[in-house]
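Enquirer: Knowing the structure of chain D, use the given hints to seat chain B on it.
Protein sequence lines correspond, in order, to chains D and B. As numbered in the working numbering, the first sequence has no gaps in its residue numbers, which increase by one up to the final residue, 215. As numbered in the working numbering, the second sequence has no gaps in its residue numbers, which increase by one up to the final residue, 559.
These are computed hints drawn from the structure, not numbers from a lab. Watch out, some of these pointers could steer you wrong.
Distance windows between CB atoms, simulated [to be verified]:
#, chain 1, residue 1, chain 2, residue 2, range
1, B, Ala179, D, Ser134, 48 to 56 angstroms
2, B, Leu524, D, Ala111, 29 to 37 angstroms
3, B, Gln300, D, Arg157, 25 to 33 angstroms
4, D, Ser203, B, Val402, 43 to 51 angstroms
5, D, Ser151, B, Arg149, 54 to 62 angstroms
6, D, Glu207, B, Val402, 24 to 32 angstroms
7, B, Arg429, D, Leu182, 30 to 38 angstroms
8, B, Asp207, D, Arg123, 55 to 63 angstroms
As the structure is a computational prediction, the values presented were derived from the model and not from experiment. Even glycine gets a Cβ: it sits at the ideal position worked out from N, Cα and C.
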Amino acid sequence: MQYLMLIYENEAEAAKQAEADGARMMEEYRAFTQSIIKSGNFKAGDALQPTSTATTVRVKNGKTITTDGPFAETREQLAGYYLIDAANLDEAIGIAARVPSARSGSIELRPVLMFS
Amino acid sequence: MAGLDIDRLYRDEAGRVLATLIRVVGDFELAEEAVQDAFQAAVEQWPETGSPDLPRAWLIRVGRNKGVDRLRRRIRARSRQGELEAEVLADPPLAAAPDEEGADEGLFDAGLADDMLRLIFTCCHPALGMEAQVGLTLKTVCGLSTEVVARAFVTSHETVAQRLVRAKRKIRDAGIPYQVPPLAILDERLEGVLATIYLVFTEGYAGSSGPSLLREDLSAEAIRLGRLLDGLMPGRPAVRGLLALMLLHDARREGRVTAEGDVVLLEDQDRTRWDRARIAEGARLVEAALRMPGPPSPYAVQAAIAALHAQAPRWEDTDWRQIVGLYEVLLRIQPTPVVELNHAAALSMVDGPARALDLVDALAARGSLDGYHLLPAVRADLLRRLGRKDEALAAYRAALARARLEPEQRLFVRRMAELGP
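The shape of chain D in the complex, shown without the other chains (with noise of 0.2 angstroms):
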């Protein structure tokens, strides 16, 4: 099955820590997309801008309606994502808990719905 790992953290916390030690964070990040890469695991994978770089965007009758930010204030932001290959939830369960934002934030595993 097709998993996304939605990488959720409070990005001010986040940045303070990034500025603390964001070497360290980089390469425990570098050292697990190998292990997922080379474990047949990784299918996608990206860091995203801060929400300040956001934009949400609708469509109201017709018109294009664009606003800053993200869709919803919350707690902890989206700050990126894999899609993984795993076999079942306990082996997706498994790659999440080593994301090492699972130790300040928190990863959201969604099941990709497939169209077969």
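Expert: Structure of chain B alone, referenced to chain D:
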């Protein structure tokens, strides 16, 4: 046919038959329908042919065939809708279900214990909400009807039915595996299973609501689950410890409340009403659990404390020293504020109420038990024993304000009345 007790058969076998059919047909809902089909067939055929020698094997064989029929009908229906039958058949979930009788041996015997464990671990998967875990377990493992589950938890049939549908859909769509967890996460997952069983028990023992008869049924189901799991995973101190704990609590069910529903404190209970056979069984299981290798399980330690209470012929004979020692063990392996509070209460029986009050006040100052009615209740009792009447009254009032169950509220009112104006 004389003597075919279909309800009894269903309660005893439906869980096990379902457990195997889920593995065989690879789909929770299809397997449930197949189980219904199989029991229907039994009701129709057994009066004519007599009960088979191996009812479970018969039910599984018939259920599997019915499941295969249903699957074929589904595939035909889908192919009429324009899907390619070949594509579906290329990935049959029935790969493990050969039709030959010989192959049935492995299908029906070797895997049965494992199937039941698979079902239990799947129902108690942490990706499911607690209510869904409880509902699924009672419905599928215990073979209770949706109606009974709904009544026991004082919710509507629709709420429980919807919850079960959503849970089964999540099992399928989120890819919750039908397996006993691998060794690396087995202990962690087993903790979750035990927590679910214990929740069913406590809901039955001290349930926040609902008619008492049904609540007793829940405790009985939890004990049944505990026995089942102890049989499937022998040698696990946490499993045996939980079973012992439930038996020892349940043994004292009679005597805990008066006919009017008032709480009777342990010290005032009529100990002749306790179930001696259950106490003896629980005590034996605790001994066994504590002798098993590995660190002691919190359930086993709690059971050992319950055993000491249950085995004391009179309140005055309670071995408080050993109980305090066990609470100290429990504090090391499960350091929670509630355990600290219980430890302080037990300690008051050995070192006196003044020393215990210091511990309780320190605990209250940390604020982690704010809103928990038993903290002021224990404080009130200690203050009463120290002769500090006004402070005791104030503490009982605080306990009363926080208690949610009526019998407990009445108990605090009674205590206040005893202290006088």
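Enquirer: Compare the structure with each hint and give your call.
Expert: Consistency of the hints with the structure:
Under the hint 48 to 56 angstroms, the C-beta atoms of Ala179(B) and Ser134(D), about 51 angstroms apart, fit the expected range. A beta carbon spacing of about 50 angstroms between Leu524(B) and Ala111(D) contradicts the range 29 to 37 angstroms that was offered as a hint. Hint check: Gln300(B) to Arg157(D), Cβ distance near 31 angstroms, so the stated range 25 to 33 angstroms holds. Taking 43 to 51 angstroms as the suggested C-beta distance range, the pair Ser203(D) and Val402(B) conforms, at roughly 50 angstroms.
Between Ser151(D) and Arg149(B), the C-beta spacing of about 60 angstroms keeps the proposed range 54 to 62 angstroms intact. At about 49 angstroms, the beta-carbon gap between Glu207(D) and Val402(B) misses the expected band of 24 to 32 angstroms. Between Arg429(B) and Leu182(D) the CB atoms are about 50 angstroms apart, so this pair departs from the stated range of 30 to 38 angstroms. One distance hint, 55 to 63 angstroms for the beta-carbon pair Asp207(B) and Arg123(D), holds here, with the actual separation near 59 angstroms.
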